[in-house]
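K.L.:
If you want the building blocks of each chain, they are given just below.
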Amino acid sequence: MFVTPGYAQEAAPAEGETHTETGAGHEAGGKPSFPPFDSSTFASQILWLAITFGLFYLFLKKVVLPRIGGILEVRRDRIAQDLDQAALMKSEADAAVAAYEQELAEAKAKANTIGQQARDSAKADADVERKKVEAALEQKLGEAEAHIASIKTSAMKEVGTIAEDTAAAIVQELIGGKADKAAVAAAVKAVRE
Amino acid sequence: MANDPIHQFHITKWIPIEIGGLDFSFTNSSAFMVATVAAAGLFLFLTTSSRGLIPGRLQSISEMSYEFVASMLRDAAGSQGMKFFPMVFSLFMFVLVANLLGLFPYFFTITSHIIVTFMLALLVIGTVVVYGIMKHGFSFFKLFVPQGVPGILVPLVVLIEVISFLSRPISLSVRLFANMLAGHITLKVFAGFVASLSTLGAVGVAGSILPLAMTVAITALEFLVAFLQAYVFAVLTCMYLNDALHPSH
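Chains as they are written, first to last, in the numbering used here: chain U, 58 to 250; chain C, 16 to 264.
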C-alpha cells in the first residue's frame, strides 16, 4: 500500500493502518489523483448512497413523517376544538345575558301592569263608592223635596180653610149673625183663583 | 507536517467487496452515509416518540424541520407538490446532516464528493422528467417553449431552455459539492497554518493566533454554509418539481 508521508494525517493511524488508500493505490508511484474525481470509487459510493438514502427515504416515509404529521394534526385539531369550545362558552354566556335581560324586562313590565291594575281597581272602587254615596244623597234630596212638596201642598190646602174661617169671622163681626159657609168658601175660592 | 488539505477527501476501504469486476467496498464514505442516515433517522424517530401535545425542545426541532420543508414545498409547487414531500424532506435532512457531520474534526464529508451530489441531483431531475411525462405526456415538453415568444425566436429559445434544463443537475450537484469541498479545504489550510507556525518557536506561536482565529471564524461560516446548501438544494428541488407539476410557464 502506498501512503505518502504527506497523507500520514493525525487521523490515519487512529483509523487503522490496514486501510487502503484507493486514490493513491491506483496511481502508485505517480501523482495521486484528486479524490472526488477518482472514478474507481464511484461504484461503491453510488451503491452505498442508494442503499442508505433508499432506506432513509423509506423510513421517513413510512414511520417518521406520518408520525410528525399526526402530531401536528392532533395539535391543530385540539386548538380548533378549544377555540370552538371557547366560542360555544361565549355564546352560552351571551345567551345567559340575553335571558337575564329579557327576564328583567318582563319583570319590569309585570311590575308596571300590577301597579296599573292596582291603580285601576282602586279607582274603580272609589268610583263605585262615590256613586253609592251620590245615589244615597240623591235619594235623600228627593225625599226631602217630596217632603217639602207635601208640606207645601198641605199648607196651601190649609190656607183656604184659614181664609174661609177668617172671612167668616170677619163677616160675622161686620154683619153679625152667621155667614153662609158655602158662600164664603165660594167667595174665597173666587178670590184665590 | 501533516497538513495536506486534500487528504480528508480520500476514500479508504474498510471492507473490500468486489462484484463483477466493480468495486463495491464498504468505505469510510459508506460508513458516514450510514452514520448520516442513522443520526438523522434516530433523531427524528426518538424526539417524536412521546408524541407530545406540547412539544419539548428536541421534538420542536423535528416539527420545525417538518414544517419548514412543508411550507417551502407548498410555496414553490402548491398543494399538489405535497406528494413529493417525503422525497424533498429526505433530501433536505440527508444533505443537512451529512454537511453538519462533516464539520466534526476527522469526520468524512460525503457531500464533498461530486458523485454523491450528482446522484442526488439526478434523482431530483429524474423524478421531474419521469413524473412530468407520466402526468402530462408529450405536453410536458411545452416546458421548453415559453408562451408569447415571436415565431422566429422559438428555435433559439427552445435551445436555450433545453440547455438550461440539462445544466440543472450539473449546477445542483456542483453547487453543493464545490461549497463543501472548498469550505473544508479552506478550514484545513488555515488549521495547517496554525500547526506549521507553532513549530517556529515563540514568534511562530504568537503568529499562529491569527490563523487560529480565522479557523474559528470559518468553522462558524461553514455551519452556515452547511445549512444554507441543504436549504438551497431543497428549494431548487421544489422549484424543479413545480415544473413537473405545471409545465406550461
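It is worth saying that the hints were derived from the structure and are not from the lab.
In this text, all values refer to a predicted model and were calculated from it rather than measured experimentally.
Beta carbons: idealized from backbone N, C-alpha and C, even for Gly.
Just so you know, not all the hints are guaranteed correct.
[Claimed, not checked] Under 7 Å between C-beta atoms, here's a sample of chain C residues computed to sit facing chain U:
1) I26
2) T42
3) G56
4) V131
5) L174
[Said to hold, decoys possible] According to the in silico footprint, chain U covers these stretches of chain C (three or more CB under 8 Å from chain U):
6) 121–130
7) 242–255
K.L.:
Given that the region 121–130 of chain C was listed as covered by chain U, double-check it with a C-beta distance under 8 Å for 3 or more residues.
P.N.:
holds (count 6)
K.L.:
Using Cβ atoms only, decide whether C:T42 comes closer than 7 Å to chain U, and label the hint accordingly.
P.N.:
holds, 6 Å
K.L.:
Do three or more residues from the region 242–255 of chain C put their C-beta atoms closer than 8 Å to C-beta atoms of chain U?
P.N.:
violated (count 0)
K.L.:
Next item in the hint list is C:G56. Is there a CB on chain U closer than 7 Å to its CB?
P.N.:
Holds, about 5 Å.
K.L.:
Can C:I26 be said to touch chain U, with a Cβ gap under 7 Å?
P.N.:
With a closest approach of 5 Å, the C:I26 hint holds.
K.L.:
Classify the hint on C:L174 as holds or violated, based on whether any CB of chain U lies nearer than 7 Å to its CB.
P.N.:
violated, 29 Å
K.L.:
Is the shortest C-beta separation between C:V131 and chain U less than 7 Å?
P.N.:
Holds - the Cβ of C:V131 comes within 7 Å of chain U, reaching about 6 Å at its closest.
Taken one by one, the earlier hints fail for this structure at numbers 5 and 7, listed in ascending order.
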